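Visitor: Listed below, chain by chain, are the residues.
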Amino acid sequence: MLSQNGIPTAEEVTSVLPPAERLTKGPVAIAECFQNIPCDPCYHSCKQGAIQEFNDINERPQINFDKCNGCGSCMSRCPGLAIFVVDATYSDNEALVKIPYEFLPLPEVGEIVTAINRGGQAVAEAKVIKVQNTKVQDRTVIVWLAVPKEQMMEVRHFRVKEVR
Amino acid sequence: MRQIEIAIVGGGPAGLAAALNASKLGAQVILIDRNDYLGGQLIKQTHRFFGSKQQRASERGIDIALELANEVMANEKIEVLTEATALGHYEDGVLLVEQAGKIMAIKPERFIVATGGAEKTLLFPNNDLPGVYGAGAVQTLVNVFGVKPGKRVLMVGAGNIGVIVSYQLLQAGVEVAAIIEGAPRIGAYWVHAAKVVRAGVPIYTRHTILRAEGEGEVKGAVIAQLDDNWQPIPGTEREIEADVICLSVGLTPLTELLWQAGCQMTFVPELGGNVPFRNEQLETSVPGLYVAGDVSGIEEASAAMMEGALAGINAAASLGYTSDTLTADRQNVLDQLAGLRSGPVGEKIRKGLAQCSL
Amino acid sequence: MRIKKHPILEFKTGKIVKFTFDGRELEGHEGETIAAALHAAGIRTMRESGHLHRPRGLFCNIGNCSSCLMVVNGEPNVRVCVERLREGMNVETQKGKGELK
Numbered sequence: 000m001l002s003q004n005g006i007p008t009a010e011e012v013t014s015v016l017p018p019a020e021r022l023t024k025g026p027v028a029i030a031e032c033f034q035n036i037p038c039d040p041c042y043h044s045c046k047q048g049a050i051q052e053f054n055d056i057n058e059r060p061q062i063n064f065d066k067c068n069g070c071g072s073c074m075s076r077c078p079g080l081a082i083f084v085v086d087a088t089y090s091d092n093e094a095l096v097k098i099p100y101e102f103l104p105l106p107e108v109g110e111i112v113t114a115i116n117r118g119g120q121a122v123a124e125a126k127v128i129k130v131q132n133t134k135v136q137d138r139t140v141i142v143w144l145a146v147p148k149e150q151m152m153e154v155r156h157f158r159v160k161e162v163r
Numbered sequence: 000m001r002q003i004e005i006a007i008v009g010g011g012p013a014g015l016a017a018a019l020n021a022s023k024l025g026a027q028v029i030l031i032d033r034n035d036y037l038g039g040q041l042i043k044q045t046h047r048f049f050g051s052k053q054q055r056a057s058e059r060g061i062d063i064a065l066e067l068a069n070e071v072m073a074n075e076k077i078e079v080l081t082e083a084t085a086l087g088h089y090e091d092g093v094l095l096v097e098q099a100g101k102i103m104a105i106k107p108e109r110f111i112v113a114t115g116g117a118e119k120t121l122l123f124p125n126n127d128l129p130g131v132y133g134a135g136a137v138q139t140l141v142n143v144f145g146v147k148p149g150k151r152v153l154m155v156g157a158g159n160i161g162v163i164v165s166y167q168l169l170q171a172g173v174e175v176a177a178i179i180e181g182a183p184r185i186g187a188y189w190v191h192a193a194k195v196v197r198a199g200v201p202i203y204t205r206h207t208i209l210r211a212e213g214e215g216e217v218k219g220a221v222i223a224q225l226d227d228n229w230q231p232i233p234g235t236e237r238e239i240e241a242d243v244i245c246l247s248v249g250l251t252p253l254t255e256l257l258w259q260a261g262c263q264m265t266f267v268p269e270l271g272g273n274v275p276f277r278n279e280q281l282e283t284s285v286p287g288l289y290v291a292g293d294v295s296g297i298e299e300a301s302a303a304m305m306e307g308a309l310a311g312i313n314a315a316a317s318l319g320y321t322s323d324t325l326t327a328d329r330q331n332v333l334d335q336l337a338g339l340r341s342g343p344v345g346e347k348i349r350k351g352l353a354q355c356s357l
Numbered sequence: 000m001r002i003k004k005h006p007i008l009e010f011k012t013g014k015i016v017k018f019t020f021d022g023r024e025l026e027g028h029e030g031e032t033i034a035a036a037l038h039a040a041g042i043r044t045m046r047e048s049g050h051l052h053r054p055r056g057l058f059c060n061i062g063n064c065s066s067c068l069m070v071v072n073g074e075p076n077v078r079v080c081v082e083r084l085r086e087g088m089n090v091e092t093q094k095g096k097g098e099l100k
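Residue numbers (numbering that gives the first Met the number 0), protein chains in the order written: chain X, 0 to 163; chain P, 0 to 357; chain A, 0 to 100.
Possibly wrong hints are sitting among the right ones.
[Stated by the list, open to error] Listed below are the simulated DMTMM-like cross-link pairs for lysine to aspartate or glutamate, each with C-alpha atoms no more than 20 Å apart in a straight line:
(1) P/K150 <-> P/E75
(2) A/K3 <-> X/E101
(3) P/K150 <-> P/D242
(4) X/K46 <-> P/E66
(5) X/K129 <-> X/E101
(6) X/K66 <-> X/D91
(7) P/K347 <-> X/E52
(8) P/K106 <-> P/E78
(9) X/K134 <-> P/E269
(10) A/K11 <-> X/D137
(11) P/K101 <-> A/E74
(12) P/K52 <-> X/D137
(13) P/K23 <-> P/D328
(14) A/K17 <-> A/E98
(15) A/K3 <-> X/E161
(16) P/K101 <-> A/D21
(17) P/K52 <-> X/E52
(18) X/K126 <-> X/E161
(19) A/K96 <-> A/D21
(20) A/K11 <-> P/E78
(21) A/K4 <-> X/D55
(22) X/K148 <-> X/E58
(23) A/K3 <-> P/E174
(24) A/K96 <-> P/D127
(25) X/K134 <-> P/E58
(26) P/K23 <-> P/E75
(27) P/K347 <-> P/E269
(28) P/K218 <-> P/D127
(29) A/K96 <-> A/E47
(30) P/K23 <-> P/E78
(31) P/K347 <-> X/E58
If you're looking for bench data, these hints aren't it; they were derived computationally from the structure. Since the model is a prediction, treat every value here as computed from it, not as a measurement.
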């Protein structure tokens, strides 16, 4: 439970996921923001107008999954690094998970890394597809990982393998 | 004796915002800080801030510090005194300041105290051993000077500071063994907690530190689980290997100048300790003396900036300075502060403020 | 222990200077605090308390708490967490209250 160990419950996670049908249509953002805190940069960052305007700054983000194109602009603006993009259409067996990352060393494209779940446990091997690090991201790097499809809603972090 | 319209003590987020807003209305300001730089504790905040766009949400504290400090330094209406310590405030309203071994007397028409807060400690055997630090101390060492405090850290306290500093220790390549928290719930924003947990740091709520271990320096710690009455449960003790113990158990306002000035004070646990009574415009019981930021109650830096803006506007306005947008500007700041404090995470602050409002 | 690479920060350090700690020659960066230079050299004990003679180190690191008082160039009670390092400084462990010579 988030309030006790920092890990959201399965119900909490499910409550913010896009409908299965939307996942078949390509990349989409998932805001794993489960607490009413005073924060709204995600709304301002979205050029698609896919994040509903906040009436009260303490509201949680509501993503219109039909408007969201999974561009990931919101990911590097979120102070909580709590937004991820999942593309279930990446390949037959793999999904793409985009992860905000603020650690060194950065992985290289093609590198195999250890994919990690919300609890900090290794759950799969993942291949690095892209490392986005533009000026506008302001040092919050976005790493695209290809992960086994069944792990796409589990993988939320990764570890570079020690021997490179 | 120096005469000045407004003197501000403290060049952190609150003091900088106060100086900028007061000078914008036309007031002459002296800003006094004991450090040799401006920005206060913002200079070590490498994370992105929460809040709204107007409160510079999503920007990193380090960048906000630099920008505000540059703006203040370039402002002709603000005289900046760094490496200057405010020694005392006297009955006749005179402020004594020491700078480079010289004492100067300043008589301000309005006085804004923005001295911030200090880290609290925790009682346990060996809490004085080298290797036991305030979490903010380690944050300074790592993020300002690029020096590691040790190899493996036990963080005590899962509030925002404890969790954020743990994350920043990981970024610096320091291992964090665990974060322990006496309360049954994580006090930090859960998104911060989620970040460190997925990076491999466990958070143990309802746990406390029983003692630090080590001869001469910290070598480890013994922690234990707490029952619902905050008593350690026998048999749950376990040893944690760590050469650093970080205490993140809250801050307390640095109120010496307020006591000297004769402000009416009251103890408010929700705000971190003794705080001054103040009205909605941040004026204390001493007419012309305003407070802003952590000295008036421990809160986030975004709130400190907003309070600084409010105190700066009000101090200048009380001297007769005005602008076409004065009323609207003041209301805008008040609305933003109310917004920051209106949600469930602002409950503690609201409860605290209710106990010290004039 | 210095941080060599950091994902967010670039550390701008001053030139290397020499100083002594209890007679031992050490190096640090000019302009960093004495406490930072000592930590970089792995030294975390700064003084000995007055009554129980217990070792004391850094606690607040921003000039508030007086846990890190040392004797610098013969002057006792210097808060080394805010005192900047200069070439040739003579830094000594402080025992008790220190003595003004």
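Visitor: Indicate, hint by hint, whether the structure satisfies it.
Guide: Results of checking the hints against the structure:
Taking the CA atoms of P/K150 and P/E75, the gap is about 46 Å. The hint is violated against a cut of 20 Å. With a C-alpha separation of about 16 Å, the suggested pairing of A/K3 with X/E101 holds against the 20 Å cut-off. Under the criterion of a C-alpha separation no larger than 20 Å, the hint pairing P/K150 with P/D242 is consistent with the structure, at around 6 Å. A distance of roughly 27 Å separates the Cα atoms of X/K46 and P/E66; the hinted pair therefore is violated under the 20 Å criterion.
Between X/K129 and X/E101 the alpha-carbon distance is near 15 Å, which keeps this suggested pair within the 20 Å criterion. With a C-alpha separation of about 25 Å, the suggested pairing of X/K66 with X/D91 is violated against the 20 Å cut-off. Only pairs whose Cα atoms come within 20 Å are accepted, and P/K347 paired with X/E52 is rejected, the gap being roughly 27 Å. Straight-line distance between C-alpha atoms of P/K106 and P/E78 comes to about 14 Å, which keeps the hinted pair within the 20 Å bound.
The straight-line distance between the Cα atoms of X/K134 and P/E269 is roughly 40 Å, outside the 20 Å bound, and the hint therefore fails. Taking the CA atoms of A/K11 and X/D137, the gap is near 19 Å; set against the 20 Å cutoff, the hint holds. For the hint pairing P/K101 with A/E74, the CA-to-CA distance comes to about 18 Å; that is within 20 Å, so the pair holds. At most 20 Å may separate the alpha-carbon atoms for a hinted pair to count; P/K52 and X/D137 meet this at roughly 16 Å.
The straight-line distance between the Cα atoms of P/K23 and P/D328 is roughly 12 Å, inside the 20 Å bound, and the hint therefore holds. The suggested pairing of A/K17 with A/E98 is violated, with an alpha-carbon distance near 25 Å, which exceeds 20 Å. For the hint linking A/K3 to X/E161, the alpha-carbon distance of about 17 Å falls within 20 Å, and the restraint holds. In summary, the hint linking P/K101 to A/D21 is not supported, as the alpha carbons are separated by about 31 Å, beyond the 20 Å threshold.
Between P/K52 and X/E52 the CA atoms are separated by roughly 13 Å; this keeps the pair inside 20 Å, and the hint holds. For the suggested pair X/K126 and X/E161, the alpha carbons sit about 15 Å apart, so the restraint of at most 20 Å is met. With a C-alpha separation of about 17 Å, the suggested pairing of A/K96 with A/D21 holds against the 20 Å cut-off. Restraint check for A/K11 and P/E78: the C-alpha separation of about 27 Å exceeds 20 Å, so the hint is violated.
Proximity of A/K4 to X/D55 is assessed by CA-CA distance (about 40 Å); at most 20 Å being required, the pair is judged violated. Pair hint X/K148 plus X/E58 does not hold up; C-alpha atoms about 31 Å apart against a cutoff of 20 Å. Annotation: proposed proximity of A/K3 to P/E174 holds, straight-line Cα distance about 16 Å (limit 20 Å). For the proposed pair A/K96 and P/D127, the alpha carbon gap of about 17 Å is at most 20 Å, so the pair holds.
This hinted pair checks out: X/K134 and P/E58 have alpha carbons roughly 13 Å apart, not beyond 20 Å. Among the hinted pairs, P/K23 with P/E75 is consistent with the structure: their alpha-carbon atoms are about 11 Å apart, no more than 20 Å. A C-alpha spacing of about 6 Å is found between P/K347 and P/E269, which places the hinted pair at or below 20 Å, so the restraint holds. Only pairs whose Cα atoms come within 20 Å are accepted, and P/K218 paired with P/D127 is accepted, the gap being roughly 13 Å.
The suggested pairing of A/K96 with A/E47 holds, with an alpha-carbon distance near 9 Å, which does not exceed 20 Å. The suggested pairing of P/K23 with P/E78 holds, with an alpha-carbon distance near 14 Å, which does not exceed 20 Å. Restraint check: the Cα-Cα separation between P/K347 and X/E58 comes to about 18 Å, which is no more than 20 Å; the hinted pair holds.
Hints 1, 4, 6, 7, 9, 14, 16, 20, 21 and 22 from the list above are not met by this structure, while the remaining hints are.
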